[in-house]
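In order, the protein sequence lines correspond to chains A and B. Residue 239 in my numbering sits at position 239 of the first sequence, with consecutive numbering throughout. Residue 207 in my numbering sits at position 207 of the second sequence, with consecutive numbering throughout.
Hints listed in this document are in silico derivations from the structure and should not be mistaken for laboratory results. All values derive from a computational prediction rather than experimental measurement. All C-beta atoms, glycine included, are put in the ideal place defined by N, C-alpha and C. Just to be clear, a hint being listed does not mean it is correct.
[What the hints assert, rightly or not] With a straight-line Cα cutoff of 27 Å, these simulated DSS-like cross-link-like pairs (lysine-lysine) come out:
#1 Lys284(A) / Lys115(A)
#2 Lys115(A) / Lys75(B)
#3 Lys284(A) / Lys75(B)
[Unchecked claim] Here are some chain A residues the structure puts well away from chain B; computed CB gaps all over 12 Å:
#4 Leu42
#5 Thr56
#6 Val62
#7 Leu174
#8 Leu205
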Amino acid sequence: MQIYLPIAEMSVNIFLILGMGGAVGFLSGLFGVGGGFLMTPLLIFLGIPSPVAVATEANQIVASSVSGVLAHWRRGNVDFQMGFALLAGGVLGSSAGVWLFTVLRGLGQIDLVIKLSYVVFLGIIGSLMLTEGLRAVLRRRTQPGSTRRRQAAWGQRLPFKMRFRRSRLYISVLLPIAIGFVVGVLAAIMGVGGGFVMVPAMIYLLGMPTSVVVGTSLFQIIFVTANVTILQAVTNHTVDVVLAMLLLAGGVVGAQLGARAGGRLQGEQMRVLLALMVLAVCGKLAFDLVATPADIYSLGGGVAHQ
Amino acid sequence: MKRLIMRAGLVAWVLAALPSAAAATELVADLSDHLVAITTGFTGSRVLLFGATDGAGDVAVVVRGPNVSEIVRRKARFAGVWVNDAEMIFHDVPAFYAYASTRPAPEFVSESVAARHEIGVHHVRMRAPDAAPAEEVAAFRAALTRNKQRAGLFATAPTKVSFLGNRLFRTDVHLPANAPVGTYQVQVFLVREGEVVSANITPLVVSKIGFEAGVSDFARRHSLPYGVLAILIAGVAGWLASVAFRRA
Numbered sequence: 001m002q003i004y005l006p007i008a009e010m011s012v013n014i015f016l017i018l019g020m021g022g023a024v025g026f027l028s029g030l031f032g033v034g035g036g037f038l039m040t041p042l043l044i045f046l047g048i049p050s051p052v053a054v055a056t057e058a059n060q061i062v063a064s065s066v067s068g069v070l071a072h073w074r075r076g077n078v079d080f081q082m083g084f085a086l087l088a089g090g091v092l093g094s095s096a097g098v099w100l101f102t103v104l105r106g107l108g109q110i111d112l113v114i115k116l117s118y119v120v121f122l123g124i125i126g127s128l129m130l131t132e133g134l135r136a137v138l139r140r141r142t143q144p145g146s147t148r149r150r151q152a153a154w155g156q157r158l159p160f161k162m163r164f165r166r167s168r169l170y171i172s173v174l175l176p177i178a179i180g181f182v183v184g185v186l187a188a189i190m191g192v193g194g195g196f197v198m199v200p201a202m203i204y205l206l207g208m209p210t211s212v213v214v215g216t217s218l219f220q221i222i223f224v225t226a227n228v229t230i231l232q233a234v235t236n237h238t239v240d241v242v243l244a245m246l247l248l249a250g251g252v253v254g255a256q257l258g259a260r261a262g263g264r265l266q267g268e269q270m271r272v273l274l275a276l277m278v279l280a281v282c283g284k285l286a287f288d289l290v291a292t293p294a295d296i297y298s299l300g301g302g303v304a305h306q
Numbered sequence: 001m002k003r004l005i006m007r008a009g010l011v012a013w014v015l016a017a018l019p020s021a022a023a024a025t026e027l028v029a030d031l032s033d034h035l036v037a038i039t040t041g042f043t044g045s046r047v048l049l050f051g052a053t054d055g056a057g058d059v060a061v062v063v064r065g066p067n068v069s070e071i072v073r074r075k076a077r078f079a080g081v082w083v084n085d086a087e088m089i090f091h092d093v094p095a096f097y098a099y100a101s102t103r104p105a106p107e108f109v110s111e112s113v114a115a116r117h118e119i120g121v122h123h124v125r126m127r128a129p130d131a132a133p134a135e136e137v138a139a140f141r142a143a144l145t146r147n148k149q150r151a152g153l154f155a156t157a158p159t160k161v162s163f164l165g166n167r168l169f170r171t172d173v174h175l176p177a178n179a180p181v182g183t184y185q186v187q188v189f190l191v192r193e194g195e196v197v198s199a200n201i202t203p204l205v206v207s208k209i210g211f212e213a214g215v216s217d218f219a220r221r222h223s224l225p226y227g228v229l230a231i232l233i234a235g236v237a238g239w240l241a242s243v244a245f246r247r248a
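Model the full assembly from the supplied sequences, consistent with the hints where possible.
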């Protein structure tokens with residue numbers, strides 16, 4: 001059954017979109033990842049114009065982060081103080097990101113920048129996950145060493161120090177603001193929540209306890225992606241609510257099933273599988289950038305006369 | 001079925017009108033629908049064009065979508081990666097173009113007549129930038145046509161105009177799922193001895209209707225409330241999902 005997407009201005013198979021939402025939702029439930037970094041490239045492969053894919057995916061992430069953060073909140077795993085600091089940077093960063101997006105779109109380079117960002121980040125994250133996963137699989141028998149929290153020593157000298165009670169940290173507020181800013185720019189350009197960059201940054205750069213990392217990251221992602229959605233809707237008119245609702249419906253069901261399946265599966269092997277999948281998407285995007293295109297000419301999209 | 005009856009009725013109307021109308025005019029033509037509605041289930045549409053002539057001759061039909069400006073970009077390789085490099089903007093490009101004729105155009109019209117009436121894809125009129133060198137313009141123009149054809153928005157070959165008897169003719173106008181919205185012009189030409197002796201222009205409106213129109217109108221005109229609403233929908237959906245999670 002076909003459905004016409006009013007903003008993307010194309011007709012897609014409704015079950016394909018629901019299925020994609022479900023599959024990515026399943027994976028995100030299984031691994032506790034956002035899924036934006038898989039969904040946006042999939043939408044682009046499907047032929048959805050990349051500006052629409054990026055902006056619409058930001059809208060969908062609002063939903064998945066809300067449902068995720070509520071679960072963490074109930075367990076008290078959200079550091080709101082840290083969340084607001086990250087958020088301050090995130091709102092600035094994502095606004096700058098949407099501005100950059102609009103400029104690049106005018107120059108005709110937005111497709112390239114989106115794809116390059118994906119190749120770089122999926123490549124890095126995929127390789128890290130793969131090595132980590134393989135190491136874990138090989139060392140299954142050995143006891144995991146106690147993970148010591150690394151305090152960001154170089155951050156100690158910065159001004160505006162603040163005490164973050166929930167995270168038991170005393171660091172400069174500039175640090176989370178800067179991290180929030182960088183992830184905000186990425187979120188706007190790549191149509192992701194940025195959890196896959198945010199979570200490692202919180203652990204290794206800020207030294208936050210792992211228990212509050214995911215909840216706090218999700219908390220700030222809600223507002224950063226909401227900011228991206230509004231700015232994209234206003235400046236680029238590229239948020240397709242029909243597409244977002246379809247993805248959302250599939251994603252909600254998928255995430256439920258994924259979270260349940262996750263309990264019964266072996267973590268390390270699955271992590272290796274996810275890493276391979278991330279690298280496959282990265283490889284496909286990289287190949288498309290390097291391979292000689294069928295037609296080196298393309299249309300930039302018509303502009304109707306006033 | 002309803003459509004068939006309607007079409008039969010239209011043909012009957014033409015037949016009835018023939019003796020008087022056709023005596024005065026050499027060509028009458030009309031469409032089975034003047035409005036193509038893009039609704040939720042839209043996967044393309046077909047509109048019947050029918051008409052009558054007062055005798056022998058060839059009929060050519062040209063369908064031209066609303067004018068748009070098109071940016072054509074050419075990629076070049078930088079450090080192994082293909083990057084958009086040169087670009088050229090064409091104005092007054094039809095967003096859609098299709099044509100139909102009783103015979104292949106060269107058999108009944110000269111190149112100059114075909115060019116004047118835009119019969120054939122290579123005759124589609126558009127405004128190229130003035131300053132650009134001719135061979136560059138030609139390359140970009142060919143690329144524009146090729147890309148439009150790949151998207152199904154420019155015809156690759158004419159469709160057939162068929163005569164029923166020697167006066168009534170009909171042809172189908174196919175509009176793809178990605179047909180741009182706007183007012184199209186359907187031009188019908190009657191050609192005798194290489195000259196256009198009569199012409200008829202009928203408008204055809206392609207428009208988003210109902211829910212689709214509501215969403216895209218709202219998104220354009222009230223983009224801020226649209227963005228806020230999109231977030232609220234997502235937020236509520238996320239909250240509902242979380243509630244369902246807990247209960248389940």
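- request: Find the hints from earlier in the document that the structure breaks and name them by number, from lowest to highest.
  value: Per hint list: 5, 6 violated.
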